[in-house]
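Residue numbers (the working numbering), protein chains in the order written: chain E, 1 to 417; chain L, 418 to 589.
For the record, the hints were derived by calculation from the structure and aren't laboratory data. In this text, all values refer to a predicted model and were calculated from it rather than measured experimentally. Among the hints, erroneous ones may be present.
[Unchecked claim] For each label pair, taking beta carbons as the anchor points, the in silico distance ranges come out as: (1) L/R443 to E/R188: 53 to 59 Å; (2) E/K63 to L/D577: 42 to 48 Å; (3) E/E18 to L/R476: 26 to 32 Å; (4) L/P548 to E/N104: 42 to 48 Å; (5) E/K107 to L/R504: 34 to 40 Å; (6) E/Q85 to L/R562: 44 to 50 Å; (7) E/L373 to L/E457: 27 to 33 Å; (8) L/R476 to E/V159: 28 to 34 Å; (9) L/P548 to E/D338: 44 to 50 Å; (10) L/R476 to E/S110: 53 to 59 Å; (11) E/D338 to L/R476: 37 to 43 Å.
Yeah, the Cβ is synthetic: ideal placement off N, Cα and C, and Gly gets one too.
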Amino acid sequence: MEQAIPLSAPGSAAARREWPQEGWTRVPFWVYDDPEIYRRELETFFYGRTWNYVALACEIPEKGAYKRSWIGERQVVVVRGENDQIHVWENRCAHRGARVCWKNKGKEESFTCPYHQWNFGLDGTLQGVPLKRGVLRKGGMPADFDTGAHGLKTLSVHVEGGSIWASFAPDPLPFEQYCGEEVIASIRRQFPGKKLKLLGYNRQRIPGNWKLYFENLKDPYHATLLHSFLITFGLWRADTLSESIPADSGHSIMMSRNVGKKKSDAAAEIARFKEALELNDLDTVTPRKEFEDGKVVAITHFPSVVIHQQANTFGMRHVIPKGTGSFELAWTFFGYEDDDEEMTRLRVRHANLYGPAGFVAMEDGEVLAESQLGAHHYGHRNAVVEMGGREVAKQDHMVTEVLIRAFYKHYREMMGL
Amino acid sequence: MQGRIAPVVAPYARTAETAALENEIRRLYDEVADLLDQDEIERFPDHFVEDCVYQVVSRENYTENLPQAAIYCDGIGMVRDRVIALRETQVYVPRIWRHFISGVRITAIENDDIHARANFMVTEAMSDSDPALFLVGQYLDVLVREGASLKFRQRLAVFDNHHVRRSLIVPV
Chain E
1 MEQAIPLSAP GSAAARREWP QEGWTRVPFW VYDDPEIYRR ELETFFYGRT
51 WNYVALACEI PEKGAYKRSW IGERQVVVVR GENDQIHVWE NRCAHRGARV
101 CWKNKGKEES FTCPYHQWNF GLDGTLQGVP LKRGVLRKGG MPADFDTGAH
151 GLKTLSVHVE GGSIWASFAP DPLPFEQYCG EEVIASIRRQ FPGKKLKLLG
201 YNRQRIPGNW KLYFENLKDP YHATLLHSFL ITFGLWRADT LSESIPADSG
251 HSIMMSRNVG KKKSDAAAEI ARFKEALELN DLDTVTPRKE FEDGKVVAIT
301 HFPSVVIHQQ ANTFGMRHVI PKGTGSFELA WTFFGYEDDD EEMTRLRVRH
351 ANLYGPAGFV AMEDGEVLAE SQLGAHHYGH RNAVVEMGGR EVAKQDHMVT
401 EVLIRAFYKH YREMMGL
Chain L
418 MQGRIAPVVA PYARTAETAA LENEIRRLYD EVADLLDQDE IERFPDHFVE
468 DCVYQVVSRE NYTENLPQAA IYCDGIGMVR DRVIALRETQ VYVPRIWRHF
518 ISGVRITAIE NDDIHARANF MVTEAMSDSD PALFLVGQYL DVLVREGASL
568 KFRQRLAVFD NHHVRRSLIV PV
C-alpha cells in the first residue's frame with residue numbers, strides 16, 4: 001500500500017529527507033534508494049557498535065580452517081586459531097590493502113599476502129615482512145618499524161552456541177545485551193550449545209534494498225497471503241496461535257506453529273489456500289516433532305541475519321548489502337551433529353521451502369525485487385504500515401505490521417531521522 | 418535419503434553402437450531442454466525413473482559434498498511436486514528461459530548405467546528486459562534404459578554461478 005503526497009520540489013520535506021509527520025506508520029521510499037542514506041546505514045549499523053553474524057563454528061572445524069564472510073560491503077575472514085579461539089579480521093593487507101585471502105574456504109598455517117608476501121598469523125598479527133632489512137645493506141624498513149602495529153585489522157568476536165558474530169567496534173555492547181532478553185532466549189533455544197552440522201549453502205542476489213529483506217521477515221501478514229505452501233500445508237497461517245515480538249536493537253521474532261493441512265473459515269477466505277492441492281511426497285511438508293514448545297520461529301537479527309526454524313529446516317540467512325538496490329542473501333543450512341539419519345533427511349527435504357528455488361522463498365525474491373522498482377525514483381511517496389494498528393508493542397497474532405513499525409522506530413533513532 | 422552418484426569416467430571401446438548411444442543421449446538432452454523452454458514442464462517427470470535423484474546444486478555444495486541443493490528431489494514424487502507447485506502455487510514474474518547445451522558425452526558405461534555429462538547455459542528474459550545469462554554449469558547424469566527409452570537415474574545440474582540471480586523458478 002502506498003499513499004501519494006505531492007511531488008517534492010527541491011527543498012521540500014521529502015527532498016530534505018525529513019520523516020513523514022505520521023511517524024512510524026509511514027516509510028518514505030527514499031530509505032531504499034538514496035546513496036547517502038545507504039552510506040550512513042553502513043557506518044551506523046554494519047561498521048558501528050552492532051554484532052554481525054559471520055559464520056558457524058562447524059564451517060571451520062579445525063585449527064587453521066577459515067571462511068571468508070562479509071559485514072556490510074567489507075569482506076572479513078573467520079579463522080579458527082590456537083586453542084580453538086576464533087578470530088575475525090578484515091581481508092585487506094595492512095600494507096597496501098590487497099586482499100590477503102583469495103579462497104572462500106580452506107585451511108592454512110598462516111596467511112601470506114600474495115602481493116609483497118607479508119605474512120600474518122591465524123590471529124591476524126604481522127609475523128614477517130620480506131626484505132625487511134633490505135638487500136646488500138640497501139633499502140628495507142626503517143629500524144624502528146614496529147611489526148606489532150601493522151597487523152590485520154581484527155574485530156571483536158562472540159561465539160554463541162556455535163554461531164559466530166563479529167563487531168568492528170572495539171567495545172560493542174555485550175552480545176546478550178545487544179540481542180535483548182527475548183532474542184537471546186530464542187537463539188539459545190535453537191543453539192543450546194550442541195555441536196552443529198553443516199548441510200549446505202544457497203546464494204542468491206536479490207535486486208532490492210537490503211532492509212526490504214528484514215521487513216519481509218517482520219511481516220507475517222504477507223506470509224499468510226502470498227505463500228500457498230505455508231498456508232495450505234499448515235506450516236504458517238493466520239488462524240494458528242502466534243506471536244509478533246518487536247525486540248531491542250532492531251531485532252524481532254515471529255513465532256507460530258505447524259498445524260498441518262486443515263480447512264477453516266479463515267483459511268477459506270485466503271485466495272491462496274488450495275484445498276485440493278495434494279503432493280506426491282508429503283514428507284516435504286511434514287515435520288517431525290523436535291522442540292517441546294511446538295513452535296516455529298523466525299528471528300530477524302539486525303543488521304546481518306535472519307535465523308529460521310521452520311518444519312525441520314534450520315537456516316542462517318545472511319544479508320550482504322551490495323549498494324542501495326541489491327543484496328546477496330547467503331543461506332547456510334544446518335542441523336545438529338547428533339541428528340539421526342532420518343532427521344538429516346527431513347532437514348534437507350524441508351529446505352526445499354527455502355533458498356532461491358524454495359517453494360516459499362522464491363516468492364519473496366520476486367516481490368522484493370518488485371518493491372524496489374516501486375521505490376526507485378519515488379522518494380516523495382510513503383509506504384503505509386498500519387496493519388494491526390499504529391502502535392509498536394508485541395502482538396499475539398500475525399495480521400500485523402507491528403514489527404516493521406517498531407523497526408523504523410529504532411532505525412530513526414539510530415540514523416537521527 | 419539417496420546420495421549423489423559419483424560420476425564415473427572410464428575408457429570404453431568406441432563403436433558404432435556407442436556412437437549411436439551418444440546420439441540418442443544428445444537427442445534426449447535436446448528434448449528435455451526443449452520441453453523446459455517451451456513451458457511444457459508437465460512432461461519433465463516422464464524422463465526420470467522412480468527412484469531418481471534430481472538436483473540443481475551449486476558447485477560449492479557439490480564440491481564440499483554437502484547434501485543441500487537449490488532444487489532437491491529424492492524420488493520421482495518430488496520431481497512431480499515441483500511441477501505441481503509451479504503450476505498451482507508459485508507466484509513469480511513471467512519470463513522466458515532458453516537452454517543451450519554443448520559437449521554431450523558418455524564418460525563411462527558400467528553394466529546398466531550410462532554416465533554422461535554436458536555443459537549447460539540458461540538465459541533468462543524478463544518481459545520488459547533483454548535476455549541475460551542466468552545459469553551456467555554442467556550436467557552430471559546417470560542414464561538407464563527403461564523400455565524403449567533412456568531415463569535419468571540421476572540428473573545433477575551443477576551450476577558454476579556464485580549466486581542465483583533473483584530466483585530459480587523452473588528446473589534446469
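Against the structure, the hints:
The hinted window of 53 to 59 Å between L/R443 and E/R188 holds, with their beta carbons roughly 55 Å apart. Checked against the given bound of 42 to 48 Å, the beta carbons of E/K63 and L/D577, roughly 31 Å apart, lie outside it. Take E/E18 and L/R476: their Cβ atoms lie about 48 Å apart, and the range 26 to 32 Å is violated. Between L/P548 and E/N104 the C-beta distance comes to about 29 Å, which lies outside the given range of 42 to 48 Å.
Here the CB-CB span from E/K107 to L/R504 is close to 46 Å, at odds with the stated 34 to 40 Å. Separated by about 57 Å at the C-beta atoms, E/Q85 and L/R562 break the suggested range of 44 to 50 Å. Taken as a hint, the range 27 to 33 Å holds for the pair E/L373 and L/E457, whose Cβ atoms sit roughly 30 Å apart. For the hinted restraint 28 to 34 Å between L/R476 and E/V159, the CB-CB distance of approximately 29 Å keeps it satisfied.
Under the hint 44 to 50 Å, the C-beta atoms of L/P548 and E/D338, about 48 Å apart, fit the expected range. Range check, L/R476 to E/S110: Cβ separation about 28 Å, and the 53 to 59 Å hint is violated. Here the CB-CB span from E/D338 to L/R476 is close to 29 Å, at odds with the stated 37 to 43 Å.
Going through the hint list in order, the structure does not satisfy hints 2, 3, 4, 5, 6, 10 and 11.
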